[in-house]
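Undergrad: Chain by chain, the residues:
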Amino acid sequence: MDVDIAAAREKFLNREFDTKAFEVTAQNIVEYARACGELAPKYTDPKHPDFQAPPTFASSFIAGRHLPQDYPRFGGLGMDAGKGIAPKAPLRPGSVTGKSHIHDIYTKTGRSGRMVFTVIRMELFDQDGTKVADADTRVVSREKPTQ
Amino acid sequence: MILDLHTHSIKSDDGRAKVSNYCQWIRTKTLPIDGFVLTEHRQFDAESDYSDLAAEYGITILKGSEVETEYGHVLVFNVTPPLVREFDFARIDLPLATVIQAAEAHGAVAVPCHPGRKRVGMCAHIENLGVPDGVRIVEIYNGGSRGDEDEQARAMAERQGYLGIGGSDSHIVSHVGRCATRFETPIHSEAELAQALRTGAFTAVTYRT
Amino acid sequence: MSISKISEVEFGAELPVFKPDTGMDNVRRFATAAGWNGPRFTDHEAARKEGLPGALVPGIMSQGFLAAMIHRWAPEAAIENVDTVFRAPVLVDESYHINGVVTDVDEDTGLVEIDLTVANDAGETRVFGTASVRLPS
Numbered sequence: 114m115d116v117d118i119a120a121a122r123e124k125f126l127n128r129e130f131d132t133k134a135f136e137v138t139a140q141n142i143v144e145y146a147r148a149c150g151e152l153a154p155k156y157t158d159p160k161h162p163d164f165q166a167p168p169t170f171a172s173s174f175i176a177g178r179h180l181p182q183d184y185p186r187f188g189g190l191g192m193d194a195g196k197g198i199a200p201k202a203p204l205r206p207g208s209v210t211g212k213s214h215i216h217d218i219y220t221k222t223g224r225s226g227r228m229v230f231t232v233i234r235m236e237l238f239d240q241d242g243t244k245v246a247d248a249d250t251r252v253v254s255r256e257k258p259t260q
Numbered sequence: 031m032i033l034d035l036h037t038h039s040i041k042s043d044d045g046r047a048k049v050s051n052y053c054q055w056i057r058t059k060t061l062p063i064d065g066f067v068l069t070e071h072r073q074f075d076a077e078s079d080y081s082d083l084a085a086e087y088g089i090t091i092l093k094g095s096e097v098e099t100e101y102g103h104v105l106v107f108n109v110t111p112p113l114v115r116e117f118d119f120a121r122i123d124l125p126l127a128t129v130i131q132a133a134e135a136h137g138a139v140a141v142p143c144h145p146g147r148k149r150v151g152m153c154a155h156i157e158n159l160g161v162p163d164g165v166r167i168v169e170i171y172n173g174g175s176r177g178d179e180d181e182q183a184r185a186m187a188e189r190q191g192y193l194g195i196g197g198s199d200s201h202i203v204s205h206v207g208r209c210a211t212r213f214e215t216p217i218h219s220e221a222e223l224a225q226a227l228r229t230g231a232f233t234a235v236t237y238r239t
Numbered sequence: 008m009s010i011s012k013i014s015e016v017e018f019g020a021e022l023p024v025f026k027p028d029t030g031m032d033n034v035r036r037f038a039t040a041a042g043w044n045g046p047r048f049t050d051h052e053a054a055r056k057e058g059l060p061g062a063l064v065p066g067i068m069s070q071g072f073l074a075a076m077i078h079r080w081a082p083e084a085a086i087e088n089v090d091t092v093f094r095a096p097v098l099v100d101e102s103y104h105i106n107g108v109v110t111d112v113d114e115d116t117g118l119v120e121i122d123l124t125v126a127n128d129a130g131e132t133r134v135f136g137t138a139s140v141r142l143p144s
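Chains as they are written, first to last, in the numbering used here: chain U, 114 to 260; chain W, 31 to 239; chain E, 8 to 144.
Any given hint could be a false lead.
What the hints assert, rightly or not - To give an idea of the chain E side of the interface with chain U (calculated C-beta under 8 Å), a few residues: (1) PHE37; (2) GLY42; (3) PRO46; (4) ILE67; (5) ASN88.
Because the hints were derived from the structure by calculation, they are not lab data.
We put the CB at the ideal spot given by N, CA and C, even for glycine.
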């Protein structure tokens, strides 16, 4: 397989391919926080004046290897190479919108047998339009050598 | 002289450690190693110059590479510009024979690493591909090993008469120096490292508890 | 003793070891709250049928453990980034511990870098990660 990374970058990079709405309840937050071992009341007590989700909560909106339908396979579905979460503002109960784009496509390769890394970023916004987090998933696909 | 022969920095795609923080860590934690070799995945990082850091901390910082062959991953020490021109370091399907021959032709040393690991280690591939020619040294202590991977590596080394080195395979700061290699002579350069490896005057050590 | 400002943080300091609850009941509770109810996370038998060694602790739950561990150490810490690399499965009902150490302190920016590793009782790293945390000066 010899998919042109430059073309894929041109076609997919920074173009939103999916928007999803999520509803976050106080109960979700409390259960999530307790299951993770958070102790601070601002994560576990909905009555706390600064009640909010733990900073990694937004990662849970990313389900599986979510890619644009016509995204090249690069030799396979790929493996989860890691996740990153960068909270930007407190995430509180209410509506959250997740907008996904391909943030980066790069290879670690030479003339054949490429490893293709795809970074999928979901930007999350609360009901006021404030960005609450960037949640990244890195997927790596190993192409079989062409020769 | 004790060197960690297998480390990765942020120059590797899955590395998360800054070289300066490795140095700071080694000194703050008074680790028993005198230096380390940066073996970035599928590349030789010719550009980075760590000589100021090495001088500041009194630590030997050398550069090598970790390449990928049909027998799994292989560390290459004393990578020189002519060697870089011999094969494409970025490939994931390099013939081990090519790597070994090119290394020998250019004064470098090729060492299969974490041989006990599935897919990326040499032990599993010997069953299908046979014992490769030219291997003299393998990594018998790897700081990232799980289960009996190091035991398998040591058993294979014993069977085949290979010498053994140790390296942490660190990708984060706090994992540097988990395993290393003790040399009988001082080493200040990649060429001296290759020379010491060729003489066989070294012992793999592990500090994993 | 918990940390409240950056001047209290020393390079190389170890965070108190955190033993996360990876029992099935807790993972199911997490999976429900996070909307990750797949049987591979909540049912050992179903996970084995998928060829897995057992039910998996979701990667995002390991992320959550890391954040909780940081908050226990420094309740005032504002987490700027948690980056995780999954090396091997973390299995439900098996015992793990998380180690954290400070690997960079920048008093000018207020940022602290932390190495985090999720390891099993044999000391094998299953997940490693780094976190960037902002602390008051």
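Undergrad: Determine for every hint whether it applies to the structure shown.
TA: Okay, the hints, checked on the actual structure:
The closest approach between the C-beta of PHE37 (chain E) and any C-beta of chain U is roughly 4 Å, which is under the 8 Å cut-off, so the hint is satisfied. For the restraint placing GLY42 (chain E) at the interface with chain U, the shortest Cβ-Cβ distance is roughly 6 Å, inside the 8 Å limit, so the hint holds. With a least beta-carbon distance of about 14 Å to chain U, the hint placing PRO46 (chain E) at the interface is violated under the 8 Å criterion. The beta carbon of ILE67 (chain E) comes within 4 Å of a beta carbon in chain U, closer than 8 Å, and the hint placing it at the interface holds.
For ASN88 (chain E), the interface hint holds, the least distance from its beta-carbon to any beta-carbon of chain U being 5 Å, beneath 8 Å.
When each numbered hint is compared with the structure, a violation occurs for hint 3 only.
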